[in-house]
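Chemist: Residue numbers (numbering that gives the first Met the number 0), protein chains in the order written: chain A, 0 to 176; chain B, 0 to 326.
No lab work stands behind these hints, which were simulated from the structure alone. You may find that some hints are simply not true.
Unchecked claim - Lysine to aspartate or glutamate pairs mimicking DMTMM-like chemistry, simulated, CA-CA at most 25 Å apart:
id, chain 1, residue 1, chain 2, residue 2
1, A, K166, B, E56
2, B, K39, B, E20
3, B, K319, A, D47
4, B, K39, A, E111
5, A, K168, A, E130
6, A, K7, B, E144
7, A, K141, B, E18
8, A, K174, B, E144
9, B, K7, A, D150
10, A, K143, B, D8
11, B, K172, B, D199
12, B, K237, B, D253
13, A, K88, A, E130
14, B, K277, B, E259
15, A, K166, B, E50
16, A, K168, B, E18
17, A, K129, B, D199
18, A, K22, B, D199
19, A, K138, B, D61
20, B, K317, B, E67
21, A, K129, B, E40
22, A, K58, A, E6
23, B, K45, A, E25
24, A, K78, B, D63
25, B, K46, A, E51
26, A, K78, B, D61
27, A, K129, B, E144
28, B, K49, A, D41
29, B, K68, A, E46
30, B, K45, A, E112
31, A, K168, B, E234
32, B, K170, B, E227
33, A, K78, B, E58
34, B, K326, B, E286
35, A, K143, A, E112
36, A, K143, B, E259
37, A, K148, B, E40
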Amino acid sequence: MSNTTDEKLIEAISKDDYISYNKLFERYYGRLCQYVYSLLMDKSDTEDVVQELFLNIWKNRERIEIKENVGGYLYRMAKHLALNHLRSKVYFNNLSETQDQLSYEDNRVESEEFRIALYGCIGHLPDRCKEVLLLHRIKGLKQKEISEKLDISVKTIKNQIWISLQKLKRCLELKGI
Amino acid sequence: MEEQKQIKDYIVDYLLDGEDEKHLDPILVEWLAESESHRKEFDLYKKIWKESHRYTESEAFDPDLAWEKVNKINRQKIYAHKYWKNILYIVSGAAASLLIMLALSFMGAFEKSSDMQVRMSADYGSRSEIVLPDGSLVKLNSGSEVVYAYDSKKKIREVNFLGEGFFDVSKSKEPFVIKTAGGLNVKVWGTSFNLQAYADDPIVQASLVEGCIELESGEEKLIMKPGEMAVFDKETNKIKQMKGVLSHSYGWLDNKLYMEDMPLSLVCKYLERWYDVKIMIQPGLGENIRYNGVIREETVTDVMDALSRLSNISYHVKGKHISITSK
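Generate the whole structure from the sequences, applying the supplied hints.
Modeler: In structure tokens, the structure reads:
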């Protein structure tokens, strides 16, 4: 049962199958959050958006017809909802920062596939590689800080980063990116 | 080899130093100019570098918590809009008095060619009732699921069943077979009976009110007569008659829990299913405290109050978690 295809799940959901709906949720909730977070950069907004997406699916289950790849459809729906969310924020708060973020995101339609694939690949990096890469990229730590935190030499950090790049490159190639 | 190693260092340094194209090292510039594929490779690294900035672990988002929210809203909608009037085979929702959370979890009917499949379940903390396409009635206790399929070629009514249910099977020449998780099959002719077959219990219990049913697991067989009760041991695969008060086995239909020398641990197991709670018992108490009598209460705290009056225990509730200690 766990190997049921996404398409089969959607078909069952359209016929009121709540268990399949739950399965689809379990399969995609984390991944969609990960993606939406990259657009909104806010954890609670992200969860609201992805939950709204799943509520929509159940609400409109009778009308749902997905001709293409289900994952792709869900990501696009997520993106659409996330951008709407940003727009409503601009409308209510007139935040110039959000405005910037919005135009930034609107211009980047082509990169969503790359981003989703990349995130999948980062998830599969060996722990050490991932740790070093993320401390630098997300926590913004300097080489010296990473070196102290993990008690490794700067040379090792550079090595780990190079290994990460190689692995990510290969992983992306395998995904046809 | 030597050169490759250096290039790798230049690339990493470039990325780590904040990607300043103006200060590209001449050696890197030269390498990039060498071929289109070098440039492409370099651009890919830059893109990876940039995009990884917004990465977050998917584990940072708790799917269980989220599901609880989504599930709750969906259920409210199901009740508010009476979606299920569109669904033919479902007549009524639940024995409402017990419900902590209204949770008719699931309904669906879909056809496979000419064959019909109907599914329904009751979550922990809820009960539900379903009329199958052949007119049979099944009342589901908490944490139960029934999948009904009619095989039009073999002319068999077949049900996969998990949990506890009271079956009122309509009379028909076509056999009605219930399959349980423990490997026990129950063949039914127009009749009513209670069947308890939870996946996490070591036994399956059947209590026959009227008509005739046959229990079968491999070579083992037992034909039951009205008023009889039987138990199937999943481990030894043996089917045996058992003594007891018939009506007590389906007391849950009236929200009653009959306890005959029932250990606290077993009482708690029932309560966990019925009220969708988790109960922690202080070690040593579970098997030593035993109850006789019948409980009929609306809420789990009422039940806990009753139990603490009957014995030397006190309880503490925190959300869905209850801990029991001796007084």
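Chemist: Could you run down the list of hints and mark each one as holding or not?
Modeler: Cross-check of the supplied hints:
1. Note on A/K166 and B/E56: the hinted pairing holds, with a Cα-Cα distance of about 18 Å set against a maximum of 25 Å.
2. Restraint check for B/K39 and B/E20: satisfied, since their Cα atoms lie roughly 15 Å apart, inside the 25 Å limit.
3. Proximity of B/K319 to A/D47 is assessed by CA-CA distance (about 24 Å); at most 25 Å being required, the pair is judged to hold.
4. Under the criterion of a C-alpha separation no larger than 25 Å, the hint pairing B/K39 with A/E111 is consistent with the structure, at around 19 Å.
5. Between A/K168 and A/E130, the direct Cα distance comes to roughly 18 Å. Compliance with the 25 Å bound is thereby established for this hinted pair.
6. Distance restraint check for A/K7 and B/E144: the Cα-Cα separation of roughly 21 Å lies within the 25 Å cut-off, and the hinted pair is therefore satisfied.
7. The hinted pair formed by A/K141 and B/E18 meets the criterion: a straight-line CA distance of about 14 Å does not exceed 25 Å.
8. Restraint check for A/K174 and B/E144: not satisfied, since their Cα atoms lie roughly 39 Å apart, outside the 25 Å limit.
9. Between B/K7 and A/D150 the CA atoms are separated by roughly 23 Å; this keeps the pair inside 25 Å, and the hint holds.
10. For the suggested pair A/K143 and B/D8, the alpha carbons sit about 17 Å apart, so the restraint of at most 25 Å is met.
11. The hinted pair formed by B/K172 and B/D199 fails the criterion: a straight-line CA distance of about 34 Å is larger than 25 Å.
12. For the hint linking B/K237 to B/D253, the alpha-carbon distance of about 31 Å lies beyond 25 Å, and the restraint is violated.
13. Note on A/K88 and A/E130: the hinted pairing is violated, with a Cα-Cα distance of about 33 Å set against a maximum of 25 Å.
14. For the proposed pair B/K277 and B/E259, the alpha carbon gap of about 23 Å is at most 25 Å, so the pair holds.
15. Among the hinted pairs, A/K166 with B/E50 is consistent with the structure: their alpha-carbon atoms are about 15 Å apart, no more than 25 Å.
16. At roughly 19 Å between alpha-carbon atoms, A/K168 and B/E18 fall within 25 Å of each other, so this suggested pair holds.
17. Taking the CA atoms of A/K129 and B/D199, the gap is about 40 Å. The hint is violated against a cut of 25 Å.
18. A threshold of 25 Å between alpha carbons decides the hint, and for A/K22 with B/D199 the separation of about 22 Å falls inside it, so the pair holds.
19. Straight-line distance between C-alpha atoms of A/K138 and B/D61 comes to about 22 Å, which keeps the hinted pair within the 25 Å bound.
20. Between the alpha carbons of B/K317 and B/E67 the distance comes to roughly 17 Å, so the proposed pair stays at or under 25 Å and holds.
21. With a CA separation close to 21 Å, the supplied pair A/K129 and B/E40 stays within the 25 Å bound.
22. Proximity of A/K58 to A/E6 is assessed by CA-CA distance (about 18 Å); at most 25 Å being required, the pair is judged to hold.
23. Distance hint between B/K45 and A/E25 is unfulfilled; the C-alpha atoms sit about 33 Å from each other, more than 25 Å.
24. For the suggested pair A/K78 and B/D63, the alpha carbons sit about 23 Å apart, so the restraint of at most 25 Å is met.
25. The straight-line distance between the Cα atoms of B/K46 and A/E51 is roughly 31 Å, outside the 25 Å bound, and the hint therefore fails.
26. With a C-alpha separation of about 20 Å, the suggested pairing of A/K78 with B/D61 holds against the 25 Å cut-off.
27. Annotation: proposed proximity of A/K129 to B/E144 is violated, straight-line Cα distance about 43 Å (limit 25 Å).
28. A hinted pair counts as satisfied when its Cα atoms are at most 25 Å apart, and B/K49 with A/D41 qualifies at roughly 19 Å.
29. For the suggested pair B/K68 and A/E46, the alpha carbons sit about 11 Å apart, so the restraint of at most 25 Å is met.
30. Our distance criterion of 25 Å between C-alpha atoms is met by B/K45 and A/E112, whose separation comes to about 16 Å.
31. For the hint pairing A/K168 with B/E234, the CA-to-CA distance comes to about 52 Å; that exceeds 25 Å, so the pair is violated.
32. For a cut-off of 25 Å, the pair hint linking B/K170 to B/E227 stands: about 20 Å separates their Cα positions.
33. A C-alpha spacing of about 20 Å is found between A/K78 and B/E58, which places the hinted pair at or below 25 Å, so the restraint holds.
34. Restraint check: the Cα-Cα separation between B/K326 and B/E286 comes to about 16 Å, which is no more than 25 Å; the hinted pair holds.
35. Between A/K143 and A/E112 the alpha-carbon distance is near 34 Å, which puts this suggested pair outside the 25 Å criterion.
36. Distance check on the hinted pair: A/K143 and B/E259 sit about 70 Å apart at the alpha-carbon level, beyond 25 Å; violated.
37. Our distance criterion of 25 Å between C-alpha atoms is broken by A/K148 and B/E40, whose separation comes to about 31 Å.
Of the numbered hints stated above, those contradicted by the structure are hints 8, 11, 12, 13, 17, 23, 25, 27, 31, 35, 36, 37, listed in ascending order.
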